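*Asks:* The task is simple: from the sequences and hints, build the whole structure.
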Amino acid sequence: MSLDATWVVDWMRESARVLAENRAELGALDREIGDGDHGENMDRGFAAVLAGLETISADASPGGVLQKVAMTLISTIGGAAGPLYGTGLLKASDAAGTETQLDGASIVALLRAVRDGIVLRGKAEVGEKTMVDAWTPAVDAASAAESAGESPGGILRAAAEAASAGAEATEPLIARKGRASYLGERAIGHRDPGAQSTALLLQAAADAARNA
Amino acid sequence: MKKLINDARAVVDETLGGLAAAHSDILSVSFEPRYVARRGAPIAGKVALVSGGGSGHEPLHVGFVGRGMLDAAVPGAIFASPTPDLVFAATRAVDGGAGVLYLVKNYTGDVLNFETAADFAAGAGIRVESVLINDDVAVEDSSFTAGRRGIAGAVLVEKIAGAAAERGDDLDSVAAIARRVNASMRSMGVGLRAGVVPYSGEPSFTLDDEHIEFGIGIHGEPGRAVIPLEPADAIVDRLVTAITGDLPFVAGDRVLLLVNGLGGTPLSELYIVFRRAAQSLVERGLAVTRSLVGSFATSLEMQGVSITLLRLDDELLELWDAPVHTAALRWGC
Chain Z
1 MSLDATWVVD WMRESARVLA ENRAELGALD REIGDGDHGE NMDRGFAAVL AGLETISADA
61 SPGGVLQKVA MTLISTIGGA AGPLYGTGLL KASDAAGTET QLDGASIVAL LRAVRDGIVL
121 RGKAEVGEKT MVDAWTPAVD AASAAESAGE SPGGILRAAA EAASAGAEAT EPLIARKGRA
181 SYLGERAIGH RDPGAQSTAL LLQAAADAAR NA
Chain V
1 MKKLINDARA VVDETLGGLA AAHSDILSVS FEPRYVARRG APIAGKVALV SGGGSGHEPL
61 HVGFVGRGML DAAVPGAIFA SPTPDLVFAA TRAVDGGAGV LYLVKNYTGD VLNFETAADF
121 AAGAGIRVES VLINDDVAVE DSSFTAGRRG IAGAVLVEKI AGAAAERGDD LDSVAAIARR
181 VNASMRSMGV GLRAGVVPYS GEPSFTLDDE HIEFGIGIHG EPGRAVIPLE PADAIVDRLV
241 TAITGDLPFV AGDRVLLLVN GLGGTPLSEL YIVFRRAAQS LVERGLAVTR SLVGSFATSL
301 EMQGVSITLL RLDDELLELW DAPVHTAALR WGC
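Going down the list, the sequences are from chains Z and V. Mapped onto this note's numbering, the consecutive letters of the first sequence carry residue numbers 1 to 212. Mapped onto this note's numbering, the consecutive letters of the second sequence carry residue numbers 1 to 333.
Hints are computed from structural coordinates only; laboratory data are not their basis. Quick caveat, the model's predicted, so the values are computed rather than measured. One or more of the hints may lead you astray.
EDC-like, lysine to aspartate or glutamate: derived pairs with alpha carbons at most 20 Å apart [stated by the list, open to error]:
no., chain 1, residue 1, chain 2, residue 2
1, Z, Lys123, V, Asp141
2, V, Lys2, V, Glu14
3, V, Lys3, V, Asp13
4, Z, Lys123, V, Glu129
5, V, Lys3, V, Glu202
6, V, Lys2, V, Glu301
7, Z, Lys123, Z, Asp140
8, Z, Lys123, V, Asp119
9, V, Lys2, V, Glu202
*Replies:* Printed below as a string of structure tokens:
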């Protein structure tokens with residue numbers, strides 16, 4: 001079983017929907033330990049992605065769609081999240097290459113490329129209260145699911161569950177990166193907004209593959 | 001809050017429209033993509049300097065575009081970094097073949113957006129070096145935080161590195177000068193009353209009439225502590241002590257003293273601050289060799305001031321004195 005460019009398009013449509021729906025929640029998380037614009041920025045970025053999907057060619061590859069999405073996010077999200085998600089998805093586009101069908105191993109490689117791109121750009125490690133705390137458990141869970149012979153849909157559901165748990169697990173952490181790092185212990189008890197948006201994006205990826 | 005604006009969403013574009021109209025001999029403004037470029041750019045064979053960051057800090061950075069300083073400035077929305085595509089567009093517009101130097105204040109958003117732009121530039125065959133500006137001693141520098149913030153010291157880096165580029169230094173040399181300036185300076189500010197972001201209409205922090213934020217950031221970020229308001233001299237002494245204790249400066253050093261208004265403090269008060277800061281430096285055996293007083297790196301209409309001290313050597317002094325012709329700084333030409 002494999003996923004194609006339609007899945008990527010559906011993933012992005014679903015992402016735009018859930019980010020619009022969670023705009024206020026992400027904004028509230030970011031106001032507690034950041035500058036409060038993460039919900040608005042993500043919603044604006046994915047609304048632009050949604051508009052761009054209208055003009056995507058019917059024979060685009062998954063990698064081609066991801067590249068266009070990445071460039072749109074880089075130019076519209078702003079803040080730290082724009083370069084982070086944008087770079088991650090650009091690397092995912094590279095990883096997907098010209099493949100038209102993504103099997104389980106390709107899906108794991110794609111998620112790993114997103115994570116590695118984000119780490120390359122932001123230089124955060126696990127435990128520093130950033131989106132990496134959602135991405136790394138997601139990649140690990142995806143890899144384990146693939147080894148266990150799960151379908152692409154099963155792999156993405158495992159990744160989404162791990163990302164959600166990872167986002168929740170940022171709550172007791174002290175931030176070491178970004179604006180929240182200046183708060184020291186005052187950041188304890190607050191969920192990282194970037195980890196939360198990552199959980200939403202990966203849930204959207206799984207939902208877009210619900211029949212796979 | 002009363003403001004002289006038309007439409008909160010048009011504040012940045014209308015600011016740039018006015019800048020272009022007032023200073024068409026110095027610079028030109030591109031609105032789509034949005035950046036400000038030096039008149040006559042690109043200059044063949046000259047290293048190009050590009051800076052930028054959130055708007056609301058004017059004249060930083062757009063007011064420092066021109067001969068002897070920046071080749072381009074990329075303004076984002078109020079207090080929000082410009083995106084990489086805009087930085088890249090500015091980079092392409094001013095690259096004269098000798099490479100481009102990014103001068104970036106150390107905020108995570110700015111750093112990541114400029115780094116991504118540098119990747120784009122590398123992909124287009126343009127050589128880019130980046131220098132981070134992190135002069136604010138209010139935030140402890142440690143591996144456990146995003147590091148010190150860049151504040152008014154950016155003006156000094158832009159002026160001196162700009163002069164180095166103007167005299168024909170290559171990219172590595174201009175970057176080295178910029179890093180040397182950054183390493184040789186320290187700053188700290190104090191906030192009395194917040195600025196108001198136009199589209200939110202809310203002050204970026206709140207303080208009662210009896211307290212001040214010691215170590216304020218230029219977006220209204222908290223500093224070291226909220227302390228009771230004191231006479232100007234006592235506040236200045238606290239700032240100077242924090243700054244001189246950090247480098248450390250030693251007796252006999254020649255220094256440049258910048259007293260920078262944060263947007264809502266009158267020049268008279270800046271001179272009151274300068275008066276005491278200069279006295280205090282003399283008492284420490286430092287020679288205030290150059291001075292700059294005014295509002296250069298602001299936070300909308302924030303009431304407050306920052307002090308920056310730069311240790312000078314012969315070369316930095318010569319580069320500081322070199323001609324500059326921008327909207328906000330002009331001498332020697």
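*Asks:* If a hint holds in the structure, say so; if it doesn't, say that too.
*Replies:* Comparing the hints with the structure gives:
Distance restraint check for Lys123/Z and Asp141/V: the Cα-Cα separation of roughly 17 Å lies within the 20 Å cut-off, and the hinted pair is therefore satisfied. Distance hint between Lys2/V and Glu14/V is fulfilled; the C-alpha atoms sit about 17 Å from each other, no more than 20 Å. Between Lys3/V and Asp13/V, the direct Cα distance comes to roughly 16 Å. Compliance with the 20 Å bound is thereby established for this hinted pair. Pair hint Lys123/Z plus Glu129/V holds up; C-alpha atoms about 19 Å apart against a cutoff of 20 Å.
At most 20 Å may separate the alpha-carbon atoms for a hinted pair to count; Lys3/V and Glu202/V meet this at roughly 12 Å. Taking the CA atoms of Lys2/V and Glu301/V, the gap is near 11 Å; set against the 20 Å cutoff, the hint holds. This hinted pair checks out: Lys123/Z and Asp140/Z have alpha carbons roughly 19 Å apart, not beyond 20 Å. Taking the CA atoms of Lys123/Z and Asp119/V, the gap is about 15 Å. The hint holds against a cut of 20 Å.
Distance hint between Lys2/V and Glu202/V is fulfilled; the C-alpha atoms sit about 12 Å from each other, no more than 20 Å.
When the structure is compared with the earlier hints, no violation turns up for any of them.
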